[in-house]
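Enquirer: Generate coordinates for the entire structure from the input sequences, incorporating the hints supplied.
Keeping their order, the protein sequence lines are chains A and B. Numbered per this note's numbering, the first sequence spans residues 1 to 278. Numbered per this note's numbering, the second sequence spans residues 1 to 402.
It is worth saying that the hints were derived from the structure and are not from the lab. A hint or two may mislead.
[Claimed, not checked] Covered by chain B, according to a simulated footprint, are these stretches of chain A (three or more residues, beta-carbon under 8 Å): (1) 24-30; (2) 63-77; (3) 103-110; (4) 220-227.
[Unchecked claim] As a list, the in silico BS3-like pairs of lysine-lysine whose alpha-carbon atoms are at most 27 Å apart: (5) A:K215 / B:K262; (6) A:K216 / B:K262; (7) B:K222 / A:K61; (8) B:K206 / A:K61; (9) A:K215 / A:K194; (10) B:K276 / A:K116; (11) B:K353 / A:K116; (12) B:K390 / A:K61.
[Unchecked claim] Taking CB as the label site, the calculated pair distances span: (13) A:Q127 / B:D387: 23 to 33 Å; (14) A:H94 / B:L221: 19 to 29 Å; (15) B:R10 / A:D130: 44 to 54 Å; (16) B:A216 / A:A188: 55 to 65 Å; (17) A:P162 / B:D244: 15 to 25 Å; (18) B:N207 / A:L93: 19 to 29 Å.
Note that the Cβ used here is the ideal one computed from N, Cα and C, for glycine as well.
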Amino acid sequence: MNKPDYILTDDLQLAVDAAITLERPLLVKGEPGTGKTELAIDVARRLNAPLLQWHIKSSTKANQGLYEYDAVSRLRDSQLGEARVKDIANYILHGVLWDAFTTDERAVVLIDEIDKADIEFPNDLLQELDRMSFDVYETRETITAKHRPLIIITSNNEKELPDAFLRRCFFHYIEFPDRSTMSQIVHAHFPDVKKDLLKAALEVFFDLREVPGLKKKPSTSELLDWLKLLIADDLPADALGAEELRTVLPRMHGALLKNEQDIHLFERLIFLHKQRQR
Amino acid sequence: MLLDYFYQLRKAGLPVSTSEYLQLLDGLSQHVGVLDLQRFYQFSRLCLIKDESLYDRFDQVFNEYWSGRESSFDLNIDAIPDDWLKLADKDALTEEQKALVESLGGWDKLMETLAKRLEEQTEEHHGGSKWIGTRGTSPFGHSGFNPEGIRIGGPGGQRRALKVWEQRRYQDLDGTKELGTRNFKVALRSLRKLTRDGAADTLDLKNTIRATAHNAGLLDLKMRAERRNNVNVLLLLDIGGSMDYHSALCEQLFSAARAEFKHLEHFYFHNFIYEKVWRRNQRRHTDTVSIPELIRTYGKKYKLIFVGDATMSPYEIAAAGGSVEHWNEEPGAIWLQRLQQHFNHNVWLNPEKDTYWDSTPSIRMTRQLMHDRMYSLNVMGIQAAIDALKTPMVARSPLDSE
Numbered sequence: 001m002n003k004p005d006y007i008l009t010d011d012l013q014l015a016v017d018a019a020i021t022l023e024r025p026l027l028v029k030g031e032p033g034t035g036k037t038e039l040a041i042d043v044a045r046r047l048n049a050p051l052l053q054w055h056i057k058s059s060t061k062a063n064q065g066l067y068e069y070d071a072v073s074r075l076r077d078s079q080l081g082e083a084r085v086k087d088i089a090n091y092i093l094h095g096v097l098w099d100a101f102t103t104d105e106r107a108v109v110l111i112d113e114i115d116k117a118d119i120e121f122p123n124d125l126l127q128e129l130d131r132m133s134f135d136v137y138e139t140r141e142t143i144t145a146k147h148r149p150l151i152i153i154t155s156n157n158e159k160e161l162p163d164a165f166l167r168r169c170f171f172h173y174i175e176f177p178d179r180s181t182m183s184q185i186v187h188a189h190f191p192d193v194k195k196d197l198l199k200a201a202l203e204v205f206f207d208l209r210e211v212p213g214l215k216k217k218p219s220t221s222e223l224l225d226w227l228k229l230l231i232a233d234d235l236p237a238d239a240l241g242a243e244e245l246r247t248v249l250p251r252m253h254g255a256l257l258k259n260e261q262d263i264h265l266f267e268r269l270i271f272l273h274k275q276r277q278r
Numbered sequence: 001m002l003l004d005y006f007y008q009l010r011k012a013g014l015p016v017s018t019s020e021y022l023q024l025l026d027g028l029s030q031h032v033g034v035l036d037l038q039r040f041y042q043f044s045r046l047c048l049i050k051d052e053s054l055y056d057r058f059d060q061v062f063n064e065y066w067s068g069r070e071s072s073f074d075l076n077i078d079a080i081p082d083d084w085l086k087l088a089d090k091d092a093l094t095e096e097q098k099a100l101v102e103s104l105g106g107w108d109k110l111m112e113t114l115a116k117r118l119e120e121q122t123e124e125h126h127g128g129s130k131w132i133g134t135r136g137t138s139p140f141g142h143s144g145f146n147p148e149g150i151r152i153g154g155p156g157g158q159r160r161a162l163k164v165w166e167q168r169r170y171q172d173l174d175g176t177k178e179l180g181t182r183n184f185k186v187a188l189r190s191l192r193k194l195t196r197d198g199a200a201d202t203l204d205l206k207n208t209i210r211a212t213a214h215n216a217g218l219l220d221l222k223m224r225a226e227r228r229n230n231v232n233v234l235l236l237l238d239i240g241g242s243m244d245y246h247s248a249l250c251e252q253l254f255s256a257a258r259a260e261f262k263h264l265e266h267f268y269f270h271n272f273i274y275e276k277v278w279r280r281n282q283r284r285h286t287d288t289v290s291i292p293e294l295i296r297t298y299g300k301k302y303k304l305i306f307v308g309d310a311t312m313s314p315y316e317i318a319a320a321g322g323s324v325e326h327w328n329e330e331p332g333a334i335w336l337q338r339l340q341q342h343f344n345h346n347v348w349l350n351p352e353k354d355t356y357w358d359s360t361p362s363i364r365m366t367r368q369l370m371h372d373r374m375y376s377l378n379v380m381g382i383q384a385a386i387d388a389l390k391t392p393m394v395a396r397s398p399l400d401s402e
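Expert: So, in structure tokens, the structure goes:
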């Protein structure tokens, strides 16, 4: 699959470089839709390293990233008198970090949306991320990383992360891209987008983000969706009303605004604007 | 020099620790974040600051510390690492390029000019033909056209204005800023902390037994999600005059978080709590609820949050008949303490700047009555208040006034 390039701003580039050189986990925060998860995928692709993803849910426990001992299946097997029940190792399920520690090359590990988990979750991983090794009590072995993986952690800020955990990470806040970065991003995704269409679309997009009181500001991923629609319909730029931008509702705004109230608000603004122009 | 910088950050109240400082040094010794102040800024922020709401404060300290000291950082030719100079190895040049180098007075001359220009230049430069910067034809800088150009800074691409930290782009993210629509969302998230705590699953014993029996005695574990959203909030808002805006904002904030609470009730008062509150401001004189009724209706489990500027005459708190609107038989302080005794999880959010708190007698009094559980109405304050709400206030006798 030919994925479009991810645009790294220079400060983000430095953050990734530092995380690789100094072998520290990199914690990435930012508005939704600024490509936090994409970053890990892209870094793995550039490094040509295997990517191991660990998506965190509210019920995820730290242990699950290391290993799980499936005692229930073992109990079941023992009731059925299976032979494999004798070896406990048969019931140790490997987690993402186990796999990352034991691959033969340096892996990239994505711990996605760490803030979704329990408050204690990051603390439970401190030792493992620091020493890059952990013990398996059931089989009395120690798993140590052959190559320290590059760990990228994303957070949506739903919970505060503990200080001890933060101290061990590099922290980078992805800002919302400015106009020039944004047009680079769009170009990477749609290399042959018409120039005037792009210009008009970006104008609408950034204007829209300025509208006060929007419940959900449109983000990069929504812009890309919207552009995809526009390109698929092969609309000329003036269909967006590039000249009198604010006097017409942007075409297919459903891709940009996800909230009924936002659309109402937007329509009202346009109405007011029309009246003022008379 | 760096140690000074580190202590400067600490003095500004930024939570930077020794281990993070060591990380910074470690990185610098491995040539990460060196070469110019811009990269150093990015790298030290990466290492030291772990919260975007502190970015703005960091920018300010950084600016204060490094303005006037830039020269000691990146314009010192001796500080350029050896391997960087190796990049400029003249053997790598083509014959044609060498000729051009000669035309500029030879290699040594070129390096000398570089040193000189580094000293002269004080601003970032793009384009042009003399100064060091990007996309120019000067021999120094990067992404340039001059064939013998020496690249300064990172691997090509765009660079932003030199002093990003002077633009203070993270002001809106500052947690100590007054609550407004912009940082609303962050406040909302901290509010959620009130309700989300602990892991989800517990063993459903009854179902496990039934399922195991169904399974002819083979164990079949059943789990169920732990009950959530069991937080009840009682919001008492000061309304009238300057408080209207803040109260409306607070109401919005809490209603937005509504789904997170089991129950959310709000009532209004004016200036201070007396014997009654009201639910709808338009009908404040006809549609009132007395405090005893409030206490009877809502159980102890409700978390009580006051929102008010607590700015008034001290009599309005301490004296009977002190209210500006009606004759109150008992002082407001007593009514407040009655509420506190019943709802022992309580806090007061105050939109007044906390620097005025000590100089306004009525705020001081209210704060004492609240046992210091008064917080600013901003993101940080709400966070602290939410933490405080998790523990009960130590109960005291209602008449034990300060």
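Enquirer: Now, for every hint given, state plainly whether the structure supports it.
Expert: Right, here's what the structure says about each hint:
no., hint, verdict
1, 24-30, "holds (count 3)"
2, 63-77, "holds (count 3)"
3, 103-110, "violated (count 0)"
4, 220-227, "violated (count 0)"
5, A:K215 / B:K262, "holds, 23 Å"
6, A:K216 / B:K262, "holds, 25 Å"
7, B:K222 / A:K61, "holds, 18 Å"
8, B:K206 / A:K61, "holds, 24 Å"
9, A:K215 / A:K194, "violated, 31 Å"
10, B:K276 / A:K116, "violated, 41 Å"
11, B:K353 / A:K116, "violated, 33 Å"
12, B:K390 / A:K61, "holds, 24 Å"
13, A:Q127 / B:D387: 23 to 33 Å, "holds, 26 Å"
14, A:H94 / B:L221: 19 to 29 Å, "holds, 21 Å"
15, B:R10 / A:D130: 44 to 54 Å, "violated, 24 Å"
16, B:A216 / A:A188: 55 to 65 Å, "holds, 59 Å"
17, A:P162 / B:D244: 15 to 25 Å, "violated, 39 Å"
18, B:N207 / A:L93: 19 to 29 Å, "holds, 24 Å"
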